[in-house]
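Dock chain B with the ligands against the given chain A, drawing on the hints supplied.
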Amino acid sequence: MDMADRTEALREAVAAACADASPLYIRGGDSKRKLIGRDCEATPLDIGGHSGIIDYQPDELVLSARAGTPLVALADALAEYGQTLPFEPPQLQGSATLGGTLACNLSGPARPWLGSIRDAVLGVQLINGRAQTLDFGGKVMKNVAGYDVSRLQAGALGTLGVITAVHCKVLPLPAATLTLAYDMPAAAAISTMCTRALESRPLTGACWLEGRLYLRLAGAENAVRHTASLWGGEQVDDSIWAQLRELQHPLFEGGEPLWRLSCAPNTPHIAQLTRAIDWGGAVRWLQGDVRTLNLPAGAHLTLFQGGDRSSEVRGRLDPVQQQLQRRIKQAFDPAGIFNPGRLYSWI
Amino acid sequence: MNALPAVDRNALLARLREILPADGLIEDQESQRPFECDGLSLYRELPIAVALPDTVEQIQAILRCCHSLQVPVVARGSGTGLCAGAMPHPEGLLLGLSKLNRIIEIDAQARSARVQPGVTNLAISQAAAPHGLYYGPDPSSQIACSIGGNVAENSGGVHCLKYGLTTHNLLAVDMLTVEGDKITLGGAGLDSPGYDLLALITGSEGLLGIVTEVTVKLLPQPELARVVMAGFGSVRAAGDAVGAVIAAGIIPAGLEMMDALAISAAEDFANAGYPRDAQALLLCELDGTEQEVEQHIAAVREIFTDHGATSIRVSADEAERALLWQGRKSAFPAVGRLSPDYYCMDGTIPRSQVAHVLEEIARLSAQYGLRCANVFHAGDGNLHPLIMFDGGCPDEIARAEKFGADILELSVAVGGCITGEHGVGVEKLAQMQSQFSEAELHQLEDIKQAFDPGLTLNPGKGIPILKRCQEYRSLPGRHGHG
Ligand SMILES: Cc1cc2nc3c(=O)[nH]c(=O)nc-3n(C[C@H](O)[C@H](O)[C@H](O)COP(=O)(O)OP(=O)(O)OC[C@H]3O[C@@H](n4cnc5c(N)ncnc54)[C@H](O)[C@@H]3O)c2cc1C
Ligand SMILES: Cc1cc2nc3c(=O)[nH]c(=O)nc-3n(C[C@H](O)[C@H](O)[C@H](O)COP(=O)(O)OP(=O)(O)OC[C@H]3O[C@@H](n4cnc5c(N)ncnc54)[C@H](O)[C@@H]3O)c2cc1C
Numbered sequence: 017m018d019m020a021d022r023t024e025a026l027r028e029a030v031a032a033a034c035a036d037a038s039p040l041y042i043r044g045g046d047s048k049r050k051l052i053g054r055d056c057e058a059t060p061l062d063i064g065g066h067s068g069i070i071d072y073q074p075d076e077l078v079l080s081a082r083a084g085t086p087l088v089a090l091a092d093a094l095a096e097y098g099q100t101l102p103f104e105p106p107q108l109q110g111s112a113t114l115g116g117t118l119a120c121n122l123s124g125p126a127r128p129w130l131g132s133i134r135d136a137v138l139g140v141q142l143i144n145g146r147a148q149t150l151d152f153g154g155k156v157m158k159n160v161a162g163y164d165v166s167r168l169q170a171g172a173l174g175t176l177g178v179i180t181a182v183h184c185k186v187l188p189l190p191a192a193t194l195t196l197a198y199d200m201p202a203a204a205a206i207s208t209m210c211t212r213a214l215e216s217r218p219l220t221g222a223c224w225l226e227g228r229l230y231l232r233l234a235g236a237e238n239a240v241r242h243t244a245s246l247w248g249g250e251q252v253d254d255s256i257w258a259q260l261r262e263l264q265h266p267l268f269e270g271g272e273p274l275w276r277l278s279c280a281p282n283t284p285h286i287a288q289l290t291r292a293i294d295w296g297g298a299v300r301w302l303q304g305d306v307r308t309l310n311l312p313a314g315a316h317l318t319l320f321q322g323g324d325r326s327s328e329v330r331g332r333l334d335p336v337q338q339q340l341q342r343r344i345k346q347a348f349d350p351a352g353i354f355n356p357g358r359l360y361s362w363i
Numbered sequence: 005m006n007a008l009p010a011v012d013r014n015a016l017l018a019r020l021r022e023i024l025p026a027d028g029l030i031e032d033q034e035s036q037r038p039f040e041c042d043g044l045s046l047y048r049e050l051p052i053a054v055a056l057p058d059t060v061e062q063i064q065a066i067l068r069c070c071h072s073l074q075v076p077v078v079a080r081g082s083g084t085g086l087c088a089g090a091m092p093h094p095e096g097l098l099l100g101l102s103k104l105n106r107i108i109e110i111d112a113q114a115r116s117a118r119v120q121p122g123v124t125n126l127a128i129s130q131a132a133a134p135h136g137l138y139y140g141p142d143p144s145s146q147i148a149c150s151i152g153g154n155v156a157e158n159s160g161g162v163h164c165l166k167y168g169l170t171t172h173n174l175l176a177v178d179m180l181t182v183e184g185d186k187i188t189l190g191g192a193g194l195d196s197p198g199y200d201l202l203a204l205i206t207g208s209e210g211l212l213g214i215v216t217e218v219t220v221k222l223l224p225q226p227e228l229a230r231v232v233m234a235g236f237g238s239v240r241a242a243g244d245a246v247g248a249v250i251a252a253g254i255i256p257a258g259l260e261m262m263d264a265l266a267i268s269a270a271e272d273f274a275n276a277g278y279p280r281d282a283q284a285l286l287l288c289e290l291d292g293t294e295q296e297v298e299q300h301i302a303a304v305r306e307i308f309t310d311h312g313a314t315s316i317r318v319s320a321d322e323a324e325r326a327l328l329w330q331g332r333k334s335a336f337p338a339v340g341r342l343s344p345d346y347y348c349m350d351g352t353i354p355r356s357q358v359a360h361v362l363e364e365i366a367r368l369s370a371q372y373g374l375r376c377a378n379v380f381h382a383g384d385g386n387l388h389p390l391i392m393f394d395g396g397c398p399d400e401i402a403r404a405e406k407f408g409a410d411i412l413e414l415s416v417a418v419g420g421c422i423t424g425e426h427g428v429g430v431e432k433l434a435q436m437q438s439q440f441s442e443a444e445l446h447q448l449e450d451i452k453q454a455f456d457p458g459l460t461l462n463p464g465k466g467i468p469i470l471k472r473c474q475e476y477r478s479l480p481g482r483h484g485h486g
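Chains as they are written, first to last, in my numbering: chain A, 17 to 363; chain B, 5 to 486.
So that you can see chain A by itself, here it is in the shape it has in the complex (with noise of 0.2 Å):
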């Protein structure tokens, strides 16, 4: 791998970028430039070159590095104390960094068991549009000094600066997983998922996908063996997960446009639309006639792969929250260079 500090160099690239106002696009490994934001013509800014674990220590549980290490180095650096990155992160074939990865804040399906990297994340060094490098956060669990500026970086997908480095929480890799499936209609999937999850077992998976619904088992080997015994079903391979990790299902082929609906997981079954669910139900996988849908209340509609992605792909704000937010751009980034109109087109 290559290590190389490149913090000051990103600086004066972002100060050159203020002095004549012109924007950057931020690029991490670029795997996922066609996804979940909109489309964003700037100069680019390469990330990676700027790679390496910076401070690693299993029994702390913490991790830090540079925003361009490839998440496939993190991964092998953690296996070899039997640790992970517990938010599960596609990979993309070795391409995807910890600096992209934070930006767009994908993760699994664990995450309503194990959260995401939004969760994870303890603290970040962040190149602002005034070209400071500002350190949030820290190397520690918990640290509440100052505004949450390093979980405000997941999902704003670079709109705020040039992220450096990445401090965050790793935990152990479990000692032995199972996958239960059944053969089942979503509106029942979606049920046993929300019911499942009501027991207190090791429960870190749940995803519904042509006709089958999946339950992933993983912690301690008794207790995955007894729940698996107390739960039924049929024993098949883990593969699905990875396959929805790392967007290489079949559902993620094909051009036509995928839809994200972020939901209460007990939403019920959007017939017709639907083409997978997983996050136990949190997460609906749609596409067709997506836009006209009635959104269930408090759901969030994103349009993250495909279809016309210079127009919105993320839900309107009401005009408060709208207004805030463009103020908290300015806030990190007043002339407007970083990865301009890439979250909406109008920050």
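Rather than coming from a laboratory, the hints here were simulated on the basis of the structure.
Fair warning: this is a prediction, and the values are worked out from it, not measured in the lab.
Hints are not guaranteed to be accurate.
Keeping only pairs whose Cα atoms sit at most 16 Å apart, straight-line, the calculated EDC-like set for lysine to aspartate or glutamate is [claimed, not checked]:
| # | chain 1 | residue 1 | chain 2 | residue 2 |
| --- | --- | --- | --- | --- |
| 1 | B | LYS166 | B | ASP142 |
| 2 | B | LYS406 | B | GLU364 |
| 3 | B | LYS166 | A | ASP75 |
| 4 | B | LYS221 | B | GLU298 |
| 5 | B | LYS186 | A | ASP334 |
| 6 | B | LYS221 | A | GLU215 |
| 7 | B | LYS221 | B | GLU61 |
| 8 | B | LYS103 | B | ASP27 |
| 9 | B | LYS186 | B | GLU61 |
Covered, in the sense of this in silico footprint (three residues per stretch, anywhere, with C-beta under 8 Å from a C-beta of chain A), are these stretches of chain B [claimed, not checked]:
| # | segment |
| --- | --- |
| 10 | 89 to 100 |
| 11 | 178 to 187 |
| 12 | 282 to 288 |
Cβ atoms here follow ideal geometry from the backbone N, Cα and C, with glycine treated the same way.
Only chain B with the ligands this time, still in chain A's reference frame:
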């Protein structure tokens, strides 16, 4: 510091009387006394008035009124905070939220509860219990503290290593902006549409908005929980044992350490059977399915033995588990009996530094001539030194404050932070400058101004106001500060 226009008290009171019923507005100083401080009584102040609204509409009207008059507003939940965050502003309104104490809805299938901000932390778990669910974060103050205060402080508890802090256990918050506009942050699901303002509001100490409703995640009650108690001959041995548990791949539900002074104070208070001869005590709780707990208990017992535990006791039933926790949970009042007053610190440190930090604290204790007991959320490195002093003696107060400040700077010096869960408030404003550079503090200020351009929400707390900001405030109409 105060560049706000002089408040027209009469105009304010006249308008508040129109908004609130008579028992919702406290104007006389004697009746305001109970509100003059939070749990950190070193800092006291009386406001112009105390408002105790019972509806969100009243809060909204109050905020609009205060905004138009540019009157500072300080929110207060139950007043158990330990950083003077809810201390009133002498020229402002204290907005008490305790009357908004209704549990609006429990949605068991969605594992969530929607509650008003004045509901106590424990009341949520009690309401969820019939569904076999509970709310994870459990501050020791949970019988009294409000969920609104928990959101504002991002409170933790003894179970946060495994179950997270408040920020990990929220789905949505309804908030009123300083202008009185209502917004919802977060949602029913786990994604957020734009910037994650829910993350920003959590731990913001009432500086960014007033929380009027909270939707929390609920967790299934574990099938079984057992606690292993072990005494050690030194803090270092106990600290190493904690590291070894984590390295073995076990995440305990709770992992607490106490030093010799805290052990004997707690034992005098609670008679929990703590080993008085130990220099350090660990309480390690394991929860989950029966099989998992038994497997982990065996592993932890072996690790503690290997690390030289001088005594080990495992709870056999719920009563014994509660008893073993009783000592720890009453550690603050127990230490309170040893001394007229105590001052609770809250630094977080990398766990590997605990022995070094406790040795330094012992040295400082001798230097300042004040006793100090240490209670430690060992799993996540959050240290609560309890400095004992006599509040009737000005010199002891001064020494206690100086001792506390030294501990905070020590926490930063070893790679930690000045506050793990109690917040900055008034108390730690000075140490914010050891934690953050000037550019970082400016960035935090800019966030504040994005929400509250007039700086009237809980002014003088949380983030030190730098010079630039005061100039900005006193020159109306001037933009582009920096
Ligand atoms: C041999 C090879 C094969 C590949 N095959 C594929 C393939 O099949 N499919 C595919 O999708 N990709 C493929 N890629 C591209 C690769 O996946 C990307 O390089 C990689 O995934 C990086 O993505 P990222 O996660 O770092 O985020 P990016 O996609 O770079 O960025 C995601 C978002 O985060 C922002 N961001 C990134 N880093 C930061 C930061 N430090 N601070 C602030 N904001 C930031 C970006 O601006 C963007 O908005 C391939 C690459 C190689 C070399
Ligand atoms: C004995 C004892 C033990 C404690 N143990 C713990 C512990 O284990 N873990 C822990 O984290 N803390 C602990 N605390 C600290 C305290 O209980 C927490 O900080 C708690 O969250 C404060 O809640 P409260 O309702 O009392 O808030 P208050 O003290 O009333 O207010 C705290 C802050 O929140 C703001 N605020 C309150 N309500 C709102 C609202 N609705 N909207 C916006 N801002 C608001 C206030 O302005 C203030 O800045 C303990 C305190 C005591 C006295």
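Right, here's what the structure says about each hint:
A distance of roughly 12 Å separates the Cα atoms of LYS166 of chain B and ASP142 of chain B; the hinted pair therefore holds under the 16 Å criterion. The suggested pairing of LYS406 of chain B with GLU364 of chain B holds, with an alpha-carbon distance near 14 Å, which does not exceed 16 Å. With a CA separation close to 15 Å, the supplied pair LYS166 of chain B and ASP75 of chain A stays within the 16 Å bound. For the proposed pair LYS221 of chain B and GLU298 of chain B, the alpha carbon gap of about 27 Å is over 16 Å, so the pair is violated.
The straight-line distance between the Cα atoms of LYS186 of chain B and ASP334 of chain A is roughly 10 Å, inside the 16 Å bound, and the hint therefore holds. For the proposed pair LYS221 of chain B and GLU215 of chain A, the alpha carbon gap of about 15 Å is at most 16 Å, so the pair holds. With a C-alpha separation of about 26 Å, the suggested pairing of LYS221 of chain B with GLU61 of chain B is violated against the 16 Å cut-off. Proximity of LYS103 of chain B to ASP27 of chain B is assessed by CA-CA distance (about 11 Å); at most 16 Å being required, the pair is judged to hold.
Taken as a hint, the LYS186 of chain B and GLU61 of chain B pair is honoured in the structure, with Cα atoms around 10 Å apart against an allowance of 16 Å. Counting residues of the segment 89 to 100 of chain B whose CB lies closer than 8 Å to any CB of chain A gives 0, so the stated coverage by that chain is violated, three being the minimum. As drawn, the segment 178 to 187 of chain B meets chain A at 4 residues by the rule of a beta-carbon pair under 8 Å; at three or more, the given contact holds. With a threshold of 8 Å between beta carbons, the proposed coverage of the segment 282 to 288 of chain B by chain A is violated, since 0 of its residues qualify and at least three are required.
In summary, the structure is inconsistent with hints 4, 7, 10, 12 from the numbered list given earlier, while agreeing with the others.
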